[in-house]
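Chains A and B supply the protein sequences, listed in that same order.
1 is the number of the first residue of the first sequence in my numbering; add one for each residue after it.
1 is the number of the first residue of the second sequence in my numbering; add one for each residue after it.
The hints are simulated quantities; they were obtained by calculation from the structure and are not laboratory data.
Nothing here was measured: the structure is a model prediction, and the numbers come from that model.
By construction, the Cβ of each residue, glycine as well, lies at the ideal position given by its N, Cα and C atoms.
Warning: the hint list may mix true and false statements.
[To be verified] Straight line, CA to CA, 30 Å or less: simulated DSSO-like cross-link-like pairs of lysine-lysine:
1) A:Lys172 - A:Lys85
2) B:Lys133 - B:Lys371
3) A:Lys172 - B:Lys205
4) B:Lys205 - A:Lys63
5) B:Lys380 - A:Lys63
[Said to hold, decoys possible] If we take Cβ atoms under 10 Å as the criterion, some of the chain B residues that face chain A in the derived model are:
6) Ser227
7) Ala252
8) Ser256
9) Gly318
10) Phe320
11) Ser337
12) Gly338
13) Glu342
14) Glu383
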Amino acid sequence: MKTSISSLIRCTCIALLVLSLGACANKKNKDQFAGVDGDFVSGTPLPDRPGDGSSFLSDNVDKSRFQPIYFGYDSTDISSSESSKLDEVASLLTSGSSTIIVAGFTDERGTEEYNRSLGERRAQAVRSYLISAGASGSSIQTVSFGEEMPASTGSGEESWGLNRRAEIGVVK
Amino acid sequence: MFRSAVLFFALLVALLSTTVTNAQEPATITVQKGAQLFAHIAGISGSDGASATNILTNDLTLSGAFTVGAADTANFTITGTSSGSSLQGSVVDRSGNSVLEKTYSGDRRQIVHQFADDIVETITGLPGFATTKIAFVANNSGRKEIYTADYDGANVRQLTRDRSISVSPALSPDGSTLLYTGYQSGYADIYRIDLGNGARNRIVKSPGTNSGASFAPGGGSFAATLSKDGNPELYLIGLGGGGGRRLTNTRASETSPSFSPDGDEIVYSFDNGGQPQLYRISARGGTGSRISTGFGYCTEPSWSPDGKKIAFNVRSSGNFAVAVLNLGSGSARIATSGSDAEDPIWTRNSRHLYFAQDSALYLLDTQNGKKTRIISGLGKISEPTASR
Numbered sequence: 001m002k003t004s005i006s007s008l009i010r011c012t013c014i015a016l017l018v019l020s021l022g023a024c025a026n027k028k029n030k031d032q033f034a035g036v037d038g039d040f041v042s043g044t045p046l047p048d049r050p051g052d053g054s055s056f057l058s059d060n061v062d063k064s065r066f067q068p069i070y071f072g073y074d075s076t077d078i079s080s081s082e083s084s085k086l087d088e089v090a091s092l093l094t095s096g097s098s099t100i101i102v103a104g105f106t107d108e109r110g111t112e113e114y115n116r117s118l119g120e121r122r123a124q125a126v127r128s129y130l131i132s133a134g135a136s137g138s139s140i141q142t143v144s145f146g147e148e149m150p151a152s153t154g155s156g157e158e159s160w161g162l163n164r165r166a167e168i169g170v171v172k
Numbered sequence: 001m002f003r004s005a006v007l008f009f010a011l012l013v014a015l016l017s018t019t020v021t022n023a024q025e026p027a028t029i030t031v032q033k034g035a036q037l038f039a040h041i042a043g044i045s046g047s048d049g050a051s052a053t054n055i056l057t058n059d060l061t062l063s064g065a066f067t068v069g070a071a072d073t074a075n076f077t078i079t080g081t082s083s084g085s086s087l088q089g090s091v092v093d094r095s096g097n098s099v100l101e102k103t104y105s106g107d108r109r110q111i112v113h114q115f116a117d118d119i120v121e122t123i124t125g126l127p128g129f130a131t132t133k134i135a136f137v138a139n140n141s142g143r144k145e146i147y148t149a150d151y152d153g154a155n156v157r158q159l160t161r162d163r164s165i166s167v168s169p170a171l172s173p174d175g176s177t178l179l180y181t182g183y184q185s186g187y188a189d190i191y192r193i194d195l196g197n198g199a200r201n202r203i204v205k206s207p208g209t210n211s212g213a214s215f216a217p218g219g220g221s222f223a224a225t226l227s228k229d230g231n232p233e234l235y236l237i238g239l240g241g242g243g244g245r246r247l248t249n250t251r252a253s254e255t256s257p258s259f260s261p262d263g264d265e266i267v268y269s270f271d272n273g274g275q276p277q278l279y280r281i282s283a284r285g286g287t288g289s290r291i292s293t294g295f296g297y298c299t300e301p302s303w304s305p306d307g308k309k310i311a312f313n314v315r316s317s318g319n320f321a322v323a324v325l326n327l328g329s330g331s332a333r334i335a336t337s338g339s340d341a342e343d344p345i346w347t348r349n350s351r352h353l354y355f356a357q358d359s360a361l362y363l364l365d366t367q368n369g370k371k372t373r374i375i376s377g378l379g380k381i382s383e384p385t386a387s388r
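Next up, chain A with everything else stripped away, as it sits in the complex (with noise of 0.2 Å):
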């Protein structure tokens, strides 16, 4: 019975412990969470699809105006080489109203699914870059593909290197 009585008064304060820890990390969180219904939001939320179905690969995309921008082995950032080209993208976005959709790409090594998230890591940080070059985030759409359509089929790091990227489709 002692034992009972004690082990009840530790789970008490345990569970006050606990409790008061809650409260705490909701406290910091709710500064955090910037969204609609308290969800933190970790980018900017991706506007609709276009309601035309345009999609990447649609006739009515042209995906030859830019060049690809090439990442580093599983990495999603976007060196100063590549920066430039991004410019050009963004000087289209802020001057007028097209509609682009960034699609993200990886090489053929790991697994599928996790490619496919970081084919979609790239997409979505060049999405971010245009948009701290000012671009809205309402006119950038992003898909991922993973490993799938290398843009070279080859094995070895030539063509890995020119697989590890994304591409720029402008709706026209």
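Please build the complex by placing chain B on the supplied structure of chain A, with the hints as guidance.
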């Protein structure tokens, strides 16, 4: 009424297990030592007896619990009659006591698989997985499409003919429903197929990439990665595609969710600015906590049905391998050899793993390291999934 039925069932199970234990005391001890049990198929008569014998021999061998061989060394002797949609099977122990006696009806192969699972479960107390259904991606048509098959690679069927990119399949625990990621719209959407009638619906079409669906144990909801918030995050979604609830709130990406067997937790891969690591989070959302594995690059986790292990992909010295983490001891070891083994998925018995390697689908017995090729010749096979 329900309660009394449950009580009756519980009593029945208790009674049966007592009987089996009493009759096979030495056998039970043998299993715990990890040694082989020997089974002898004395003969299955009837018009389909020969094929039933072949299927059953393969089932008992793949189960890892039995060596099928001659009568003199056998712990158990199996006899039966198989014709068309009916199978009568019986198992006796060395003293001639009946261990299992059951009649099955249905598909010719399936009823043999049911008999095999009953043999495994009755004698070892662990579930068999011969009745499991599998699905996977193969590209022999020139495009990645979803295929289904029996657990042993029989009855391979091409499910999708999207002529797009169809990937990331997930079978529901009962095998009745399949979710997958399809690019027909030019974006990555999650589709649901009712395998009973073939009806297909596009259930998640949020902006960005929607992928990596994985069923909750009850089969009524699933977790997946959606990037509509400007970053890949985990969501819990109803089977109709509605009621999406965001589980994670980070600046990095969460992928490949897999539920704990009680459905309370999810293990996933988290790329927090460095190499991806395994994390676990409450299925109600919150903050994930890291699971230490000792490996630098961990993706595609699969939580075992007994809750005790997590299989996952690692990269070590440029090669991809399947590793198994024992949650009790916290130790992880690489379970595969050879080049680029990917996408592990547990079977019902928490002992075997399906994985993709060398363009083929393999089954690995993690207890003895035995590797069996299940399906090949369909181009490149990847991303297997299994029903429970």
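Against the structure, the hints come out as follows:
1. A:Lys172 - A:Lys85: Between Lys172 (chain A) and Lys85 (chain A) the Cα gap is close to 20 Å, so the pair holds against 30 Å.
2. B:Lys133 - B:Lys371: 19 Å, holds
3. A:Lys172 - B:Lys205: 23 Å, holds
4. B:Lys205 - A:Lys63: 23 Å, holds
5. B:Lys380 - A:Lys63: 28 Å, holds
6. Ser227: 5 Å, holds
7. Ala252: The hint holds - Ala252 (chain B) has a Cβ within 10 Å of chain A, the shortest such distance being about 8 Å.
8. Ser256: 5 Å, holds
9. Gly318: This interface hint holds because 8 Å falls under the 10 Å limit.
10. Phe320: Nearest chain A Cβ about 7 Å off; hint holds.
11. Ser337: Status violated, d = 18 Å.
12. Gly338: With Cβ-Cβ at 16 Å, over 10 Å, it is violated.
13. Glu342: 5 Å, holds
14. Glu383: 6 Å, holds
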